[in-house]
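Whole structure, please, built from the sequences with the hints as guidance.
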Amino acid sequence: MAAVDDEVAFSWSALRVTRRDLACLEEGNMLNDAVVDFFLQLMMSQLLPNCDIHLFSTHFYTRLTAAQAVNGEVGWENVKGWTKKASLFSRKLAIVPVNLEMHWWLALIRLDAPRPTLCLLDSLPGEVQWNV
Numbered sequence: 001m002a003a004v005d006d007e008v009a010f011s012w013s014a015l016r017v018t019r020r021d022l023a024c025l026e027e028g029n030m031l032n033d034a035v036v037d038f039f040l041q042l043m044m045s046q047l048l049p050n051c052d053i054h055l056f057s058t059h060f061y062t063r064l065t066a067a068q069a070v071n072g073e074v075g076w077e078n079v080k081g082w083t084k085k086a087s088l089f090s091r092k093l094a095i096v097p098v099n100l101e102m103h104w105w106l107a108l109i110r111l112d113a114p115r116p117t118l119c120l121l122d123s124l125p126g127e128v129q130w131n132v
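Numbering-wise (full-length UniProt numbering), the sequence shown opens with residue 1 and increments by one.
Some hints could be false.
[Stated by the list, open to error] Derived DEER-like restraints, expressed as beta-carbon distance ranges: (1) Asp-112 to Thr-62: 22 to 30 Å; (2) Gln-68 to Leu-108: 22 to 30 Å; (3) Arg-20 to Asn-78: 36 to 44 Å; (4) Arg-115 to Arg-16: 35 to 43 Å; (5) Asp-33 to Cys-119: 20 to 28 Å; (6) Ala-9 to Ile-53: 35 to 43 Å.
Note that these hints are calculated values from the structure, not bench results.
Computed from a predicted structure; not experimentally measured.
Even for Gly, the Cβ is constructed at its ideal location relative to N, Cα and C.
Spelled out as structure tokens, the structure:
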């Protein structure tokens, strides 16, 4: 059964989704990183192809805040290579998918404002938070 679960159901660009990944879309299951990455990348390329937005991988926040990242400097060392070619601060918006305690939300960081602005989007009702 494991071989069937690991069979690629579909792929696009460098991303692939297995049958096991698809099973997480069934009612009562939790979304996994492969499905979230696939959907966000597809959305960016098909719906927002010319927008000045940087989309981080679902692994970015996890790596930034890993157990060995005891402070911001160590966290930055973990991910600094992820933005080398991105010219991040020339973008208008950065999107960071975050998974905390098996719950997904998005951090939207507006980079073109006089002061960077952070918006947290949560799938739960009433959970949008802005921080200026």
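Next on the checklist: Which constraints among the numbered hints does this structure fail? Numbers only, ascending.
Outcome noted: 3, 6
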